[in-house]
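Asker: Given next are the chains, with one letter for each unit.
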Amino acid sequence: MFVTRREFLRAAGLAAGAVFGPWSLGGRKVHAATFDTPKLKFLTPSEYRLIRKYSMAIIPDEPVLNGVVDVALNLDGFFAQNPSPDFLVMLRYMRLIRLAGPAEGLIKRVAPATAEDINSFKKMLCGLGYYSDANGEAEMDPEQRVVWPRIGFGGPKPEDWRPPFQERRLDASVMADRIKEGA
Amino acid sequence: MIVEHKDLALSKTIGPVDVCIIGSGAGGGTMAYYLARAGFSVVVLEKGGYYPPEELGRKEVYMLTRIEAPTIFTPAGGKHTRVALIAGQCVGGGTVASESVTWDFPKPVMKDWARLGMTSYDYEQNSRLEEYQTELNKRLFVKPVELQHHNPCNQILAIGAEREGVHWKSSDRPVEFCFRCGNCTQGCHYGVKMDAANAFLMPAQEYQCDVFTGAEAQAVKPNFNEAGDYPYCEKLKAAVGAAKDDLLRQLANMKKSAPAKFTVSARVMDAKAPTLRDKSPDYKNLTVHAHQVIMAAGPVATSRILLKSKINPNNLVGTRFMTQPGASNQGYFPDIEIRGWDGINDSTECDQYCYVNRDLPYYNPEKHGFLLESASSLPWGMCNILAGVGRELVEKMKGMNHWSGIESIIMSDGVGRITEDEIVFDITERDNETLLFATWLTARIFFRAGAKKVQTSLPGLILDSPGRIDDILKFRYQGGKAKGFLIKQANLYSGHHFGGAIMGASREDSFADETGECHDLKGLWVGDGSAFPTNCGVNCAMSIMFMARKNSDHFIQKYGSDVPG
Chain A
3 MFVTRREFLR AAGLAAGAVF GPWSLGGRKV HAATFDTPKL KFLTPSEYRL IRKYSMAIIP
63 DEPVLNGVVD VALNLDGFFA QNPSPDFLVM LRYMRLIRLA GPAEGLIKRV APATAEDINS
123 FKKMLCGLGY YSDANGEAEM DPEQRVVWPR IGFGGPKPED WRPPFQERRL DASVMADRIK
183 EGA
Chain B
2 MIVEHKDLAL SKTIGPVDVC IIGSGAGGGT MAYYLARAGF SVVVLEKGGY YPPEELGRKE
62 VYMLTRIEAP TIFTPAGGKH TRVALIAGQC VGGGTVASES VTWDFPKPVM KDWARLGMTS
122 YDYEQNSRLE EYQTELNKRL FVKPVELQHH NPCNQILAIG AEREGVHWKS SDRPVEFCFR
182 CGNCTQGCHY GVKMDAANAF LMPAQEYQCD VFTGAEAQAV KPNFNEAGDY PYCEKLKAAV
242 GAAKDDLLRQ LANMKKSAPA KFTVSARVMD AKAPTLRDKS PDYKNLTVHA HQVIMAAGPV
302 ATSRILLKSK INPNNLVGTR FMTQPGASNQ GYFPDIEIRG WDGINDSTEC DQYCYVNRDL
362 PYYNPEKHGF LLESASSLPW GMCNILAGVG RELVEKMKGM NHWSGIESII MSDGVGRITE
422 DEIVFDITER DNETLLFATW LTARIFFRAG AKKVQTSLPG LILDSPGRID DILKFRYQGG
482 KAKGFLIKQA NLYSGHHFGG AIMGASREDS FADETGECHD LKGLWVGDGS AFPTNCGVNC
542 AMSIMFMARK NSDHFIQKYG SDVPG
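Going line by line, the protein sequences match chains A and B. Residue 3 is where the first sequence starts when you use the numbering used here, and the numbers rise one by one after that. Residue 2 is where the second sequence starts when you use the numbering used here, and the numbers rise one by one after that.
Rather than coming from a laboratory, the hints here were simulated on the basis of the structure. Nothing here was measured: the structure is a model prediction, and the numbers come from that model. Ideal Cβ placement from N, Cα and C applies to all residues, glycine included. Among these hints, one or two may not hold up.
Said to hold, decoys possible - For each label pair, taking beta carbons as the anchor points, the in silico distance ranges come out as:
#1 A:PRO166 to B:TYR364: 34 to 42 angstroms
#2 B:ASP283 to A:SER48: 25 to 33 angstroms
#3 B:GLU147 to A:ASP173: 16 to 24 angstroms
#4 B:ARG359 to A:PRO165: 34 to 42 angstroms
#5 B:MET2 to A:PRO165: 18 to 26 angstroms
#6 A:PRO114 to B:ASP336: 33 to 41 angstroms
#7 B:GLY400 to A:PRO114: 24 to 32 angstroms
#8 B:GLY461 to A:ALA59: 40 to 48 angstroms
#9 B:GLU393 to A:PRO165: 54 to 62 angstroms
#10 B:GLU396 to A:GLY107: 18 to 26 angstroms
#11 B:GLU423 to A:GLY69: 36 to 44 angstroms
#12 B:GLU227 to A:PRO114: 50 to 58 angstroms
#13 A:ASN68 to B:GLY400: 19 to 27 angstroms
#14 A:ASP173 to B:ASP360: 32 to 40 angstroms
Please put together the full structure from these sequences, using the hints given.
Answerer: What follows is the structure, given as structure tokens:
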């Protein structure tokens, strides 16, 4: 049976609603710290816990696994500080993430575009919460940075930056023409 | 003057002013400058915030969420296509966030427009067109990037293209001295990129042009009709004697009580304030009475404001929406440190198959219609571009400095529609063929430069040897079944959008005439990509500025005598 994306989303929304109860996007305030969650400015404790759990699976990199970088807390700070983009819309995919684990195979088969949405949401968590400036790397001294050195990113140029006369030149003579080689 | 939320009392009414411009990007910014300089009183409403150079650049996502519209998160969708729409939302619009590759408004497109009945675009007859282009290029310091300023990512396109025997060139960019910091898409931290804010809006303030930021136009209300408006123009043509006098009297009476022909209502918020989860932003009302209104908020917002305002002659608003979808391909070079983020992001391009070359002898309609641009990204972008999640992505990100990017941008034949709550767009079967050929050529360029593998935008297709390049062509459309890029999982995006309120020769099939003024409602203008009746086939900021420059002249010719003094 072919299920359209719209039908699937409707069904998934209803199912998530039924399983997890009313999940209001509005009307929530700053949440005080609890025994397992820090003080949150934007996310709810439940969202925080879920993102934290998923971030370990989605970003199995040392600083995340050993807790040096808290992706969920980064996202909380980022969402709370940033205007305009509809983070609330993005967070709606949290419902699908909850469903995605057990139903991943089925979702891929019946609604591939939704599977792609879930994938994109996971990447959004990685990009915003870990690799981007949300971890505060841009404000840190280069030697204090945790994430960017792991990927070889040098960060923004310092205020006194002046460009070199010439960019680094590649030596074409040592770059094999693989099409020609294969011909 | 830049006017922000904090500068306003609870609500404010201004005017009557000569011109209210909705949107401050390539079109709105350009028209604001030329009209203010000509002596018109100009007010610009910009939904986004104002970011001076010291606030721009540096932070990738922090700036992206401030200077770009959220349409990037809610893609346009059709039956089998999804395209993420990238549009600016700040003072200067999309030009602030763009990589700023610049193309002259293409002459073949001018020719097309002249053929559509817009004869003022016939460059063989209208010498002013050449002058506009020269003037804009001079004003924006447009020049090609010098060879020694291409970073390794850009050099890879050049090396591969040269070996493949396809033409490449240095991109033109609007900057006098570029610091090559690599953060162009976050706005220019050094204030040297000649975006619409630097080139037009800041100088426009010298002529008393006010730019209201965080000001989201809600509706444009015409307060009365004039003799040139439809259907009065037709009625007046048919009427004679006393009947004609009656009509003219009616029109004059309507005009008496209104402060100006148009009232634009907007709500103003603090565009830099954080999103509040538990309450809506603090809006203040702004009312602008204006003799003329110029729509320049980008095709999506322009169409939506017109639709909300119930200004939709012949149900044309929102129709003929066009984009130039792009797909990103990555080559992996484990032995070369590329560091694509270090230096100018996009400074070489392969233009051989560009649509605007269609007059050249080697033109092949089945293959032409795309541009290849070298393109790399910062960590958030790379995280999105590189395939996979989990361990696979972590490993790829650790090798981020060894990936080089080339994006293919096609001149799509697809025509979509903008409504108040959705954007419908599908690429065509021909577009799919073009994208597949562009991807095939890109893969060859990467392997020519020595790539060990190539990641395409086709879901799951990573080529580990040149012998697999022809696998790309297996994705061709086959008998009614969606294939290749004709699926929603293909990662398409576009920063070039057109249509929705197009110009044309007649009121039956276009919103505005060739000067940009609405056929049916005089005094209402279109000054941005919405007015484009066809796709321009190249990076469009300069094309929009060109049209806006030309429309400004028409405006001044028509209404210049209204300027006091």
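Asker: Take the hints in turn and mark each one as holding or not.
Answerer: Hints, one by one, checked against the model:
no.: 1; hint: A:PRO166 to B:TYR364: 34 to 42 angstroms; in the structure: holds (40 angstroms)
no.: 2; hint: B:ASP283 to A:SER48: 25 to 33 angstroms; in the structure: holds (29 angstroms)
no.: 3; hint: B:GLU147 to A:ASP173: 16 to 24 angstroms; in the structure: holds (20 angstroms)
no.: 4; hint: B:ARG359 to A:PRO165: 34 to 42 angstroms; in the structure: holds (37 angstroms)
no.: 5; hint: B:MET2 to A:PRO165: 18 to 26 angstroms; in the structure: violated (34 angstroms)
no.: 6; hint: A:PRO114 to B:ASP336: 33 to 41 angstroms; in the structure: holds (36 angstroms)
no.: 7; hint: B:GLY400 to A:PRO114: 24 to 32 angstroms; in the structure: holds (28 angstroms)
no.: 8; hint: B:GLY461 to A:ALA59: 40 to 48 angstroms; in the structure: violated (21 angstroms)
no.: 9; hint: B:GLU393 to A:PRO165: 54 to 62 angstroms; in the structure: violated (35 angstroms)
no.: 10; hint: B:GLU396 to A:GLY107: 18 to 26 angstroms; in the structure: holds (24 angstroms)
no.: 11; hint: B:GLU423 to A:GLY69: 36 to 44 angstroms; in the structure: holds (42 angstroms)
no.: 12; hint: B:GLU227 to A:PRO114: 50 to 58 angstroms; in the structure: holds (54 angstroms)
no.: 13; hint: A:ASN68 to B:GLY400: 19 to 27 angstroms; in the structure: holds (22 angstroms)
no.: 14; hint: A:ASP173 to B:ASP360: 32 to 40 angstroms; in the structure: holds (38 angstroms)
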